[in-house]
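Those protein sequence lines, which keep their order, are chains A and B. Residue numbers for the first sequence follow this note's numbering, beginning at 1295 and rising by one. Residue numbers for the second sequence follow this note's numbering, beginning at 1295 and rising by one.
Don't read these hints as lab results, they were simulated from the structure. Do not rely on the hints blindly, as some may be mistaken.
No copy labels: a pair is met if it fits in one copy or bridges any two.
Said to hold, decoys possible - Keeping only pairs whose Cα atoms sit at most 27 Å apart, straight-line, the calculated DSS-like set for lysine-lysine is:
(1) K1442 with K1324
(2) K1393 with K1527
(3) K1483 with K1442
(4) K1384 with K1610
(5) K1357 with K1393
(6) K1631 with K1561
(7) K1385 with K1303
The lines below spell out each chain.
Number of protein chains: 2
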Amino acid sequence: MNLITEEVKNFLGNSSMIRRMFEAGIELKKQYGAENVYDFSLGNPDLPPPPEVKTAMEEIAGKSGDMFAFGYMPNAGSVDCREALAKLLKKEQDLNCAKEDIIVTCGAAGGINAFFRAVLERGDEVICPSPYFVEYGFYAGNYGGTLKPVPTNEDFSLNIGNIEAAITPATRAIILNSPNNPTGKIYSKAELEAVAAVLKAARSKYGRMIYIIADEPYRFLNFDGVEIPSIAKIYDGTVVIGSFSKSLSLPGERVGYIAVSPQLENKAELLGALTLTNRILGFVNAPVVGQKLIESCWDCQVDLNIYRRRRDAMAKVLTDAGIEFIMPGGAFYFFPKSPTADERIFIDALLKERVLAVPGRGFGAPGYFRLAFCVSEKNITDSAESFKRAMAAI
Amino acid sequence: MNLITEEVKNFLGNSSMIRRMFEAGIELKKQYGAENVYDFSLGNPDLPPPPEVKTAMEEIAGKSGDMFAFGYMPNAGSVDCREALAKLLKKEQDLNCAKEDIIVTCGAAGGINAFFRAVLERGDEVICPSPYFVEYGFYAGNYGGTLKPVPTNEDFSLNIGNIEAAITPATRAIILNSPNNPTGKIYSKAELEAVAAVLKAARSKYGRMIYIIADEPYRFLNFDGVEIPSIAKIYDGTVVIGSFSKSLSLPGERVGYIAVSPQLENKAELLGALTLTNRILGFVNAPVVGQKLIESCWDCQVDLNIYRRRRDAMAKVLTDAGIEFIMPGGAFYFFPKSPTADERIFIDALLKERVLAVPGRGFGAPGYFRLAFCVSEKNITDSAESFKRAMAAI
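Please construct the entire structure, taking both the sequences and the accompanying hints into account.
So this is what it looks like as structure tokens:
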């Protein structure tokens, strides 16, 4: 007797590759000790939260015996939290959002789900430059949508022609994740303006809103001080998705947001819909402790320099091993080219040297692999010989 | 240009009634002072969390500067939290769940959504005894399912004939919420065994699993010490949905669970699916602070006696006013009969006397109204004359 849907059954069958990697990692760490395993497979921020988070937590704890200390919040989030987020958007990208333009969500993932539930009709398509974060496909699929990956250029910049060619009457949105997971790419103003022009033309042609989802959980991880343009200022149909998982090392508490471009006509309708879908998907409200932490700590962040030094150390390790890569400008990933056409062969060679990486096909890009530098600089430096030996072995 | 789907647009149009009540309440409180308004419209637990919660919060806060203090948790929840939940299920309903049979979720609402995402094919039907919590309809609808309300008996007990008649080849589940929102009804073992027999026959006939969703966030609110049977022990296709929103007054932190009946054949497949859907719906993991609170406080609860005294006070107020009602055995609601056929007329009369109640049609039962006793006993007692005047006025 079928306990689950056919669709979910297929999903379960396909997730075995990542699970195998995860289990191999546990096994290796048990055998060789965690410090002798170079686990670049997980994007789980390993820096402790900034000290302000502890101070804020102690304050929250002090009031946690009060009536309504953990009471329901408005579905759109607390007024104080939404006001803090408006200040953050102003500071980070000079965006003039009112608190009413912002919904506090259960992380960025919860925000994207609430958005898709509000705007996707069955059969709608969501364009996504590839390589890409595979979860996007699940998020669109939850509501009958389909993700349509379109290849980027060799340097992972946006290929405007590919995007234009992918648009159909069913296109509802494009996801732009910058700085990008898995490539670390930051999109330039010129690229974004070109995308906006293409979308505006398509909107007129098809008489339908086409959104940009500006998924920006890595915005603060900008190593070279280049401009990360505000997409919401370039294109009125933009929703900004943000999160504190990386900037405050809070991924497990699940707090993020959706901000609607203040230029969007009739935005109140979309905001009303997002408040409703945030409720009916069962999030109800973003976790109250997370919201209170953001109220106090929205302007804090972990030390960017630590991640920058790790990036530079990883670049040296890869260069010394003769591995080809595009230097990531942001986020905490490298997405190098595999020296073997089938990257799983090289992944296996790395595994033999106690290095854990994720195959590029997990991001829609066979022939590449992803390394997350959420590990200590020493661990990165120590991995140098392992990379060299893996290169020699294949 | 359509910013949102037609379906969501319709939802927004229909939510105006509850919003009107909410806004009227704010206005009345501003005008007369909160203590002179009798707001029985909201199920927001007003008891402070038990003292153990504060102690646990202080401990969590003390460690909140550590690496991974707020790190990602496993999608199914922390091992410690799942073990605590297994102990709770054993203690509360003598159910022998292993920790592997339990998924920690973003509240009960998140749990039901994860379950529906895993099991509902488009067009599937979910039976629900009526009156019922309207959010269930949204939860099923999110994944292409339809809620099929079936009337209960006059005393709100289950009408087995109605349930049997509602079953079709498309039936996938029935939701049993006991103690019930909005009626306070607790279903007896005999009723539940009769439902189980009907479902087992239908399963054989249609060759398809039909689940019982035992939605039990009010289980500890049992005023008269009657048995609240363990549905998971009566019927193998049961998933228990639980929450700490009421027992620990934690509704805003969003932590609950799904437990699969240990008797279910091939349960690992369902549990794998729930772990996946909990991830891809964007919950990722139940909020980490909430999980840690449950690890410490699963065996604590707010003082039941306070709610019991309120129930008794409310029963006296209604009796003295000549309003007909079934005495609730659990939860924190009364669902009295309106003295007017259209209950909105009486709701308006109550509003004039500064009493806020919710129309029964919001629960699929016109001619009734709901009163939530999440307010002080004094506030309940003070409302007596208002109820009498409203009765005299209609």
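- Query: Checking K1442 and K1324: alpha-carbon separation at most 27 Å within a copy, between copies, both or neither?
  - Reply: Intra 40 Å, inter 52 Å, cutoff 27 Å: neither.
- Message: Within a copy, between copies, both or neither: which one fits K1385 and K1303 at a CA-CA cutoff of 27 Å?
- Response: Answer is neither; intra-copy 45 Å and inter-copy 33 Å both fail.
- Message: As a check of your reading, is K1357 near K1393 (CA-CA no more than 27 Å) within one copy, between copies, both or neither?
- Response: Within one copy only: 25 Å inside, 32 Å across.
- Message: Reference check for the pair K1393 and K1527, CA-CA at most 27 Å: within, between, both, or neither?
- Response: Within one copy only: 17 Å inside, 48 Å across.
- Within, between, both or neither: K1483, K1442 at alpha-carbon 27 Å: Close inside one copy (23 Å), not across copies (51 Å); limit 27 Å.
- Task: Pop the pair K1631 and K1561 into one bin, within, between, both or neither, using alpha-carbon distances up to 27 Å.
- Result: neither (42 Å within a copy, 41 Å between copies)
- Query: When no copy is named, should K1384 and K1610 be tagged within, between, both, or neither for a Cα gap of at most 27 Å?
  - Reply: neither (36 Å within a copy, 55 Å between copies)
Against the hints set out earlier in the document, violations occur for numbers 1, 4, 6, 7.
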